[in-house]
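**Q** Spelled out from the first residue to the last, the chains are:
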Amino acid sequence: MDIQDLIIDDRDRGIFRVHRSCMTSFDLFRRERELIFNRCWIYLGHESEVENPGDYRRRTVAGRPLFFIRSKDGRVRVFLNSCPHRGAMVCRRNAGNAKTLQCFYHAWTFSTSGELIGVPGREAYGPHFKRSEHGLKEPPRVESYRGFYFVSFNPKVEDLVTYLAGARDYLDLVVDQAEEGMRVISGSNKYAISANWKLLAENSLDGYHLIPTHRTYVDYMSGLGTDDSGDTLASRPPGAGRALGNGHCVSENISRNGRPIARWHPVFGEEAKPRIARVRRRLVKKYGEERAYRMADTSRNLLIYPNLLIMDFVAISIRYIEPLAPDRMDVTAWHLVPREESGAALATRLDSYLTFLGPGGFATPDDVEVLESCQTGFRASGNAWSDISRGMLKADPGTADELQMRGFWRQWHANMQGLSQANAQDGQPGGGER
Amino acid sequence: MTDNDRFALRASVEEFLFREAVLLDDWRLEEWVDLFTDDARYVVPSTDLPEGDPTRDLVFINDDIVRLRARAARLNSRHSHRENPRSRTRRFVSNVRVEETDDGQLSVSANVLVYRFRSGEGAPYVGTIDYILRRDGGDLRIAYRRAVLDLEDLSRHGAVSIIF
Chain A
1 MDIQDLIIDD
11 RDRGIFRVHR
21 SCMTSFDLFR
31 RERELIFNRC
41 WIYLGHESEV
51 ENPGDYRRRT
61 VAGRPLFFIR
71 SKDGRVRVFL
81 NSCPHRGAMV
91 CRRNAGNAKT
101 LQCFYHAWTF
111 STSGELIGVP
121 GREAYGPHFK
131 RSEHGLKEPP
141 RVESYRGFYF
151 VSFNPKVEDL
161 VTYLAGARDY
171 LDLVVDQAEE
181 GMRVISGSNK
191 YAISANWKLL
201 AENSLDGYHL
211 IPTHRTYVDY
221 MSGLGTDDSG
231 DTLASRPPGA
241 GRALGNGHCV
251 SENISRNGRP
261 IARWHPVFGE
271 EAKPRIARVR
281 RRLVKKYGEE
291 RAYRMADTSR
301 NLLIYPNLLI
311 MDFVAISIRY
321 IEPLAPDRMD
331 VTAWHLVPRE
341 ESGAALATRL
351 DSYLTFLGPG
361 GFATPDDVEV
371 LESCQTGFRA
381 SGNAWSDISR
391 GMLKADPGTA
401 DELQMRGFWR
411 QWHANMQGLS
421 QANAQDGQPG
431 GGER
Chain B
1 MTDNDRFALR
11 ASVEEFLFRE
21 AVLLDDWRLE
31 EWVDLFTDDA
41 RYVVPSTDLP
51 EGDPTRDLVF
61 INDDIVRLRA
71 RAARLNSRHS
81 HRENPRSRTR
91 RFVSNVRVEE
101 TDDGQLSVSA
111 NVLVYRFRSG
121 EGAPYVGTID
131 YILRRDGGDL
141 RIAYRRAVLD
151 LEDLSRHGAV
161 SIIF
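Read top to bottom, the protein sequences are chains A and B. Taking this note's numbering, the leading residue of the first sequence gets 1, the next gets one more, and so forth. Taking this note's numbering, the leading residue of the second sequence gets 1, the next gets one more, and so forth.
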């Protein structure tokens, strides 16, 4: 099947279909690696994960073992986790603190800024051996935006802020909630799903599945005093699904449940009310009513194309998807919290996170199940099409519509054809730019 | 405490843990929740931070009695999709260690292996469970249950969809 035929995108008739081989084909998986993951900016980690000089974290990013470390001069540096000498992994723990880094194979030693500073038996090498040529290698590009570090294996990639396009404002809406900046707390939720990675990107933005798939969560919340008993798709605020350019998308809604930052809910307890009111006043004073309202009362599931999600609803989760095979992905989730929160405020937020999120939460296991169910179903129907046309002819699609998923797929389809940019909006003509 | 007292105490705790294992394997979850005190807590730390503190760190599960009851109700619901149809589980509880604390409670640790089978897959949850048990008349109640997984991640399971 030709790449250009994998998606049917008829914007006049409101038909949008994705061929299921996009989720099952090894050839397409290899092509994604090349044309998407080797060309885009890919999330690596948050600056707060390496607070002190020498702190490091190990990551696998688009199949490559990397690590990042705060060097003695205070800069965050990213290295390929492979000794320049013979290739062994230099960083062999997931996290820690190091004054220097030593490869355990021949004991070559590197500074925290990557220079080769120790070679046992140095005198046995010839005069043309230069230590300066054997430092730890960095990915071609590393940039950060407001604490979020990204890497790119494409030396010619546009700068990160340009790449983020309309997603930048949504990242600001998350980060600006904190008075003293954000930090990732200790502990991460690591799990895997036997399904194609794009299914989780879709699912994370999909407001249509919430009530049918997550009924037990809705029931639990209504049992705690929110009146969600009449919660149906028709009774929900429509919210907005948006395509933000470069494949980034958001599903933005008026929150029905609490928001730990500044929207009270019975589940937080009476004692939380004064603090939440205080934070709200601070946000209004600093950002004005409208922006404070968006921070406090609306939630957003933001996809940073291709494989990062910032889930800002019951709490803020950073969800990173690492594709392993057409039918397999690793998922890591971290919890982002305002630095100024501690004690009761932090406990409330932690508690709120766990109701919905995480592999032990009341909703995430259902998503794992449903994605695996789709992937298994594709074995019977791999030659069929998935329909993603909901709300396609609407002027203002809501979160239960699917513009935010079409925006993702349109960028994917453009990239897979070697184009850099899709026309992502339903109202635009199809096609893309070189 | 004589050796005989110690053996008797451990035997009674083991009896209690074996009974708990049966309730969980038989999916009698409401009876299982009834083993807990009203101020109880059930914690499962993240796999990368076994020492994780749920008031400070990201964990998998941190239930008070209200959420624990809700968890049992959810697992009994046909809308708990990861466990509908239910998995088969078999629990093995061993290496039970018991210490009596100064306030008369029992601090207990046990090695636990739970095999879970479903949808053609079978994978073990392995770890240690630490308990604080409280005497209640002639019976024991769970005041604290911290289940620490030895797994490096949940790559073979996708979720903690059963009670570990």
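There may be inaccurate statements among the hints.
As the list claims (entries may be wrong) - Here are the simulated lysine to aspartate or glutamate pairs, DMTMM-like style, with alpha carbons at most 20 Å apart:
(1) A/190 <-> B/153
(2) A/285 <-> A/176
(3) A/99 <-> A/51
(4) A/394 <-> A/12
(5) A/190 <-> B/53
(6) A/72 <-> A/34
(7) A/72 <-> A/176
(8) A/190 <-> B/39
(9) A/190 <-> B/14
(10) A/190 <-> B/48
(11) A/190 <-> B/152
(12) A/190 <-> B/100
Unchecked claim - To give an idea of the interface, some chain B residues facing chain A are shown, with a C-beta separation under 8 Å as derived from the structure:
(13) 52
(14) 58
(15) 85
(16) 87
(17) 89
(18) 93
(19) 94
(20) 96
Don't read these hints as lab results, they were simulated from the structure. For every residue, glycine included, the Cβ atom is placed at its ideal position computed from N, Cα and C.
**Q** List, from low to high, the hint numbers that the structure doesn't satisfy.
**A** 6, 7, 8, 9, 12, 15, 16, 17, 18, 19, 20
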